[in-house]
Each structure stands twice: as C-alpha cells, then as structure tokens.
Amino acid sequence: MNRRSEYSKRAEMNMRFSDFEMPPMQDVLIVGRRAPIGPEAARRMVDILSPEQYIIEKIDHPIIEALVIRRTLLKMLPKEKLISIILEEGSTLADEQAIIKAQVNIVLKVSRSLEL
Amino acid sequence: MIKRVRDILVTDFHTVYALDSVQKTIDHAVETSQEYFAVFDEGVFLGIVTYKDLVKAHPNRIVVDALSFEYPSVSVSDSIWKVKEMFEVYDTVVLPVKDQEQFVGLVDKLSLFTAISTCLDPLTGLYNGSYLYAQAEDLIEKGQEISILFADVNGFGQIDKHYGHVKGDMVLKELAHTLKESVGSDMFLCRYGGDEFAILTTRNAERCQTFAQELQRKVSSMKYCGNISLTIAVGIAGGRRRKAQLVNSIAVIRRLINLASLASTKAKSSTDCLHVADYVYMEEIA
Numbered sequence: 000m001n002r003r004s005e006y007s008k009r010a011e012m013n014m015r016f017s018d019f020e021m022p023p024m025q026d027v028l029i030v031g032r033r034a035p036i037g038p039e040a041a042r043r044m045v046d047i048l049s050p051e052q053y054i055i056e057k058i059d060h061p062i063i064e065a066l067v068i069r070r071t072l073l074k075m076l077p078k079e080k081l082i083s084i085i086l087e088e089g090s091t092l093a094d095e096q097a098i099i100k101a102q103v104n105i106v107l108k109v110s111r112s113l114e115l
Numbered sequence: 000m001i002k003r004v005r006d007i008l009v010t011d012f013h014t015v016y017a018l019d020s021v022q023k024t025i026d027h028a029v030e031t032s033q034e035y036f037a038v039f040d041e042g043v044f045l046g047i048v049t050y051k052d053l054v055k056a057h058p059n060r061i062v063v064d065a066l067s068f069e070y071p072s073v074s075v076s077d078s079i080w081k082v083k084e085m086f087e088v089y090d091t092v093v094l095p096v097k098d099q100e101q102f103v104g105l106v107d108k109l110s111l112f113t114a115i116s117t118c119l120d121p122l123t124g125l126y127n128g129s130y131l132y133a134q135a136e137d138l139i140e141k142g143q144e145i146s147i148l149f150a151d152v153n154g155f156g157q158i159d160k161h162y163g164h165v166k167g168d169m170v171l172k173e174l175a176h177t178l179k180e181s182v183g184s185d186m187f188l189c190r191y192g193g194d195e196f197a198i199l200t201t202r203n204a205e206r207c208q209t210f211a212q213e214l215q216r217k218v219s220s221m222k223y224c225g226n227i228s229l230t231i232a233v234g235i236a237g238g239r240r241r242k243a244q245l246v247n248s249i250a251v252i253r254r255l256i257n258l259a260s261l262a263s264t265k266a267k268s269s270t271d272c273l274h275v276a277d278y279v280y281m282e283e284i285a
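Here the protein sequences come in this chain order: Z and P. So in numbering that gives the first Met the number 0, spot 48 of the first sequence is number 47, and the numbers just go up one at a time. So in numbering that gives the first Met the number 0, spot 107 of the second sequence is number 106, and the numbers just go up one at a time.
What the hints contain is simulated information worked out from the structure, not anything from laboratory work. Quick caveat: nothing in here was measured; it's all calculated off a predicted structure. Note that beta-carbon positions come from the ideal geometry of N, C-alpha and C, so glycine has one too. Any given hint could turn out to be false.
[Stated by the list, open to error] Here are the simulated DSSO-like pairs of lysine-lysine, each with C-alpha atoms no more than 27 Å apart in a straight line: (1) Z:K100 - P:K55; (2) Z:K78 - Z:K100; (3) P:K83 - P:K108; (4) P:K172 - P:K83; (5) P:K2 - P:K97; (6) P:K55 - Z:K57; (7) Z:K57 - Z:K74; (8) P:K172 - P:K267; (9) P:K217 - P:K265; (10) P:K97 - Z:K57; (11) Z:K57 - P:K51; (12) P:K97 - P:K83; (13) P:K23 - Z:K57.
[To be verified] With beta-carbon atoms standing in for the labels, derived distance ranges: (14) Z:P77 - P:D40: 30 to 40 Å; (15) P:T209 - Z:P77: 52 to 62 Å; (16) P:V43 - Z:E20: 25 to 35 Å; (17) Z:S7 - P:V54: 46 to 56 Å; (18) Z:L76 - P:K179: 57 to 67 Å; (19) P:D98 - Z:S90: 40 to 50 Å; (20) Z:L76 - P:V43: 29 to 39 Å.
Construct all of the structure, not just a fragment, from the sequences and the given hints.
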C-alpha cells in the first residue's frame, strides 16, 4: 500500500488597527540615564511630531537623566514644583534603563464668592 | 620649544554624525582603534564622545545622547601646563580646542604627555628649565611679580671625584626629592643643569630669603646615599613691576635667572651661603 505523506505550510495573519496616539508620549516622559532613547533623541522626536508642545528638562538625578513635559501643564503649575513631584513619584518606579510615560491630570479648582 | 596648545593641536581627528547610533560608533571605534570621535551635526561641532562614554550608553541611543558635556574647552594659546592640570581634574583623554570661540581641533592626553616628557629631567624626574620659562611667562602675563631662587650644591665636584659619578648622580636624585618635598604649592621647581636647581615663585625677596634658609637647614640636616652631607648656596633675584603689560617676558625671565645664578655664585663665598640680588624693574628689561 502506497503511503503518501502530507505536508502543508500555512500562514495566518491577524491585523489590529488603532489610532496612532498623537503625540505618543502623553503628558510626561521620564528618561532614565541608560535608557535606549536619550534626551536629545526625545527632543528631536517631539520637535518633529509635536512642534513647540513639549519642553525637555535635563535633571541632576542619579537615575533620571531628563523629563519631557507637555507645555500646557506648566501653565497650571510652576515648573520646579511639577518636576519635584514627578521625580518624587517617578523615581520609585523608574530605573536607569527605563523610559516611562506618565499621564498627568491637573484639575484646578476655583471657588469665588461674589458680593451681590 | 613646545609650550602652547597650538603646538600639539590635533586636526586630523575622526568624526561621527550626531544621529549615528552608539552601537555603530562602537563598531567604528573597534574597527579603527579610535579612542574618541568629534561629533558634528550639519557642520556644527557638538562635542567629543570617547570610547568610555560609548560603552556606558545604551547601544540604541544616538551618539549625541552619549556625549559628556561636563568637559570644558581649552584655548589654542593656553599653556600645556594648564591643560595638564585640566586633564588631572577631568577624567577624559581628550579636550576640545577653541580659538576665539571657534572650534579648531582637539588636544589629547597622549600628545600632551609626549610634549611634557621632553621637559623632564631623566635623572631626577624633575622638570627642566623650559618648564620654568613657561610657568614664569604665564605668571608675568597674569600681571604677577616673580622671584627666582637658584640653589647650587657646595663642592659637588669633590663629591663626584671622591665617590664617583654614579654615586654623585644618586646624591642629586635624593637631593631633588628633598627639594620637591620642600617647595610650596605656589612654587615651581626644576633641575636647571648639573647640580643647579631653580625655583620660581611669586613670593617677594624677603619671603624667599626665609624659605631659602629653611631649605638650607633641611638639606644640611640630612645624609645622602647613606653618609654624605651636603650644603647648598642659594641666590635670589626678584622682579618688580609698575605696568600690567610687558613687551618681552622672555627677556625678563632670562635676566632674572642670570641674576639668581650669579647671586648663587656670590653666596658660595658668604658665611650663610645666601645672596639676594638687588631687585629689578621688569619694564626696564622688557
């Protein structure tokens, strides 16, 4: 009896479409000292993708080399205050190799009373 | 005589593009055995990246993100001694060189130390006279007054004759060590020639005299090569100035060295082996 061996090779393709997150780095990007992307690369990336919307701050910190911060945040909080909060929280999560994106929501509550 | 950065300026250095990857540049460094590269972006010099900087950075980074910006630049007119001090402070093998804020090249540690080795006296390990000239010139350019002490071993010829030249050399080596330990941080010591040592300082003649007496006491209190006693005659010459700028500082230095040398000869016949030459106004020489 003839026994024919059967062999087949198939490829399956799955596709997933989603919106490109624009800009891709959200509100703040924390760049570690030995991260695969350095501050200059980050600066060039944001300048091309979202011109004039982010600032790069080089940081004197043992783990974190720089922060990329959305400019609009700085209209709501002083830069030094914002940086110190990000470093305080971010340094517990980040290591030298990390690039961490952070979503930062600032809600400004204003309450006024008017004399009628 | 090599004395300024321009004399050892490196202009045929290897360059890399700012957006090259760190990995590509490491490969290039290994291939070409280069220890450093100048980093350019569209013709603009951004800095220097060393092999050490590269291996410390993530290989995915662009070269400009591996640069060390903490190193200052030096000027073409800086003395090689100033640059030596900078290499001692900063942990790097190369520094950028600028001429009127324009990047013109690099100065590397190897070229610098090769240049400096020509100013070293092989017997004692002290610098030779060219070091003294360079330092004196720098002090004069800074508007300082300078003094020179010339120390000469009394009867050194007799030591050579009595113990032989090999032992004589050993005596000089030990004496050089004593002098090196004795000079202050504001003094520059060199072996001027034979058994003559010169010290440059900004101290005035009176303070030089006090220092010379201490030095004489120290030298005579010690035994060299086990049992040889020495005394030194010291001549002092000091220059004063009325103006900040001098036309010919080399002429001033030559004159002061000559006066100090003659003073040390006179010192040999005096009871305390010390002679201070009359001070001179530098402007009258330059």
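>> Can you confirm whether the C-alpha distance between K55 of chain P and K57 of chain Z stays at or below 27 Å?
In response: Distance ~18 Å between K55 of chain P and K57 of chain Z Cα, so the pair holds.
> Do the beta carbons of L76 of chain Z and V43 of chain P sit within 29 to 39 Å of each other?
Replying inline: holds, 35 Å
> Measuring from beta carbon to beta carbon, are T209 of chain P and P77 of chain Z in 52 to 62 Å?
Replying inline: holds, 59 Å
>> For a C-alpha distance cap of 27 Å, please report whether K57 of chain Z and K51 of chain P respect it.
In response: holds, 21 Å
> Taking 27 Å as the top limit, are the C-alpha atoms of K2 of chain P and K97 of chain P close enough?
Replying inline: holds, 17 Å
> Is the Cα-Cα distance between K172 of chain P and K83 of chain P 27 Å or less?
Replying inline: holds, 24 Å
> Is the straight-line distance between the alpha-carbon of K23 of chain P and that of K57 of chain Z 27 Å or less?
Replying inline: holds, 25 Å
> Is it true that L76 of chain Z and K179 of chain P lie within 57 to 67 Å of each other by Cβ?
Replying inline: holds, 59 Å
> Do the alpha carbons of K83 of chain P and K108 of chain P lie within 27 Å of each other, as the hint requires?
Replying inline: holds, 8 Å
> Does the structure keep K172 of chain P and K267 of chain P at a Cα separation of 27 Å or less?
Replying inline: Given that 27 Å is the threshold and the Cα spacing comes to 22 Å, the pair holds.
> Holds or violated: K97 of chain P with K83 of chain P, Cα cutoff 27 Å?
Replying inline: Distance of about 17 Å is within 27 Å: holds.
>> Does the beta carbon distance between D98 of chain P and S90 of chain Z stay inside 40 to 50 Å, or does it fall outside?
In response: holds, 43 Å
The structure agrees with every numbered hint stated previously.
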